[in-house]
Amino acid sequence: MKCRPIKYTQAELGWLSDNRTLPISKYTEQFNVRFLRNVSKNNLHALRKRKGWKTGRTGYFEKGSKPHNAGTKGLIRVNKTSFKKGQVPQNRRPMYSERINKDGYVEIKVPEHNPHTGNATRFKLKHRWVWEQAHGAIPPSHILKFKDDNKTNCDISNLELMPRGVHAILNKRGYSHMPDEIKPTAKLIAKIDHKRFELKNGKGVAA
Numbered sequence: 001m002k003c004r005p006i007k008y009t010q011a012e013l014g015w016l017s018d019n020r021t022l023p024i025s026k027y028t029e030q031f032n033v034r035f036l037r038n039v040s041k042n043n044l045h046a047l048r049k050r051k052g053w054k055t056g057r058t059g060y061f062e063k064g065s066k067p068h069n070a071g072t073k074g075l076i077r078v079n080k081t082s083f084k085k086g087q088v089p090q091n092r093r094p095m096y097s098e099r100i101n102k103d104g105y106v107e108i109k110v111p112e113h114n115p116h117t118g119n120a121t122r123f124k125l126k127h128r129w130v131w132e133q134a135h136g137a138i139p140p141s142h143i144l145k146f147k148d149d150n151k152t153n154c155d156i157s158n159l160e161l162m163p164r165g166v167h168a169i170l171n172k173r174g175y176s177h178m179p180d181e182i183k184p185t186a187k188l189i190a191k192i193d194h195k196r197f198e199l200k201n202g203k204g205v206a207a
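As numbered in my numbering, residues 1 to 207 make up the sequence shown, in order.
Worth flagging that the hints you see were computed from the coordinates, not collected in a lab. Just so you know, even glycine gets a beta-carbon here, dropped at the ideal spot from N, CA and C. Fair warning: there could be bad hints in the mix.
[What the hints assert, rightly or not] Just the calculated beta-carbon pair ranges, DEER-fashion: (1) 25 - 121: 50 to 58 Å; (2) 118 - 141: 28 to 36 Å; (3) 177 - 152: 36 to 44 Å; (4) 137 - 200: 25 to 33 Å; (5) 157 - 100: 20 to 28 Å.
[Claimed, not checked] Cut-off 27 Å, straight-line C-alpha distance, at most; resulting in silico cross-link-like pairs (DSSO-like, lysine-lysine): (6) 187 - 200; (7) 147 - 172; (8) 172 - 183; (9) 145 - 172; (10) 7 - 49; (11) 124 - 145; (12) 147 - 191; (13) 187 - 172; (14) 187 - 145; (15) 7 - 51.
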């Protein structure tokens, strides 16, 4: 059921037309006080639209007017909530500072050229960096495995260089879910099976 339309007297319509440029809040307040009415802002706004009364406000900047943010193009205004007190932006973190990435690996800031940004420093997986400092580059055919399966334990004694083939065999056999006491045996068997595969396919030389 639709609401009954609001009726206005000629005096009320005359006042509403004469004062149509008032902001809607003042427009409504002054009208209700003057004529002892209780009409809502939405009702008066709808009336102005039906009557086609122009308020003088288009929502656009008129020619010659100056926006409040003029002259700030290309600038980012840092507000007081951008950084918490004591928090340091990533590009100002000290050398060798660390963080945990979304995959749970530790990353460390090191003095190496960043090929993506051109910066003289970059964040790198800590376990790979630790290994490279001690043993040099990691061969493409190998991966680094955490002996205790703890991604945050980047001590050199906890890292093991492993052929990708061996790693694939272990994953296929559910190595990560095996009891700790049988993992060394499972790893040895995987290495033997991988070596047998290489010899069978002419990728290795028998001793």
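Worksheet item: Is the straight-line distance between the alpha-carbon of residue 147 and that of residue 191 27 Å or less?
Response: OK: residue 147 and residue 191 at ~15 Å, within 27 Å.
Worksheet item: For the pair supplied as a hint, residue 124 and residue 145, is the alpha-carbon distance within the 27 Å limit?
Response: This hinted pair holds, its Cα atoms lying about 16 Å apart.
Worksheet item: Does residue 183 lie within 27 Å of residue 172 when you go C-alpha to C-alpha?
Response: 14 Å, holds
Fill in: Pair hint outcome, residue 7 versus residue 49 [Cα-Cα no greater than 27 Å]
Holds, at about 16 Å.
Worksheet item: Within 27 Å, alpha carbon to alpha carbon, are residue 7 and residue 51?
Response: 14 Å, holds
Item to complete: For the range 36 to 44 Å, tell me whether the beta carbons of residue 177 and residue 152 fit it or not.
Response: 20 Å, violated
Practice prompt. Please test the hint of 50 to 58 Å on the beta carbon pair from residue 25 and residue 121.
Written response: Check passed, 55 Å falls within 50 to 58 Å.
Item to complete: Below or equal to 27 Å on CA atoms is what counts here, so check residue 187 against residue 200.
Response: 20 Å, holds
Fill in: Assessment of proposed distance window 25 to 33 Å (beta carbons of residue 137, residue 200)
29 Å, holds
Discussion item. Hint check: residue 145 vs residue 172, CA-CA at most 27 Å. Holds or violated?
Written reply: Answer holds: residue 145 to residue 172 is near 15 Å, not above 27 Å.
Item to complete: Quickly compare the C-alpha distance for residue 187 and residue 145 to 27 Å and report which way the hint goes.
Response: OK: residue 187 and residue 145 at ~12 Å, within 27 Å.
Practice prompt. For residue 118 and residue 141, compare the CB-CB distance with the range 28 to 36 Å and indicate the outcome.
Written response: Holds: the Cβ-Cβ distance is about 30 Å, inside 28 to 36 Å.
In this structure, the one hint that does not hold is number 3.
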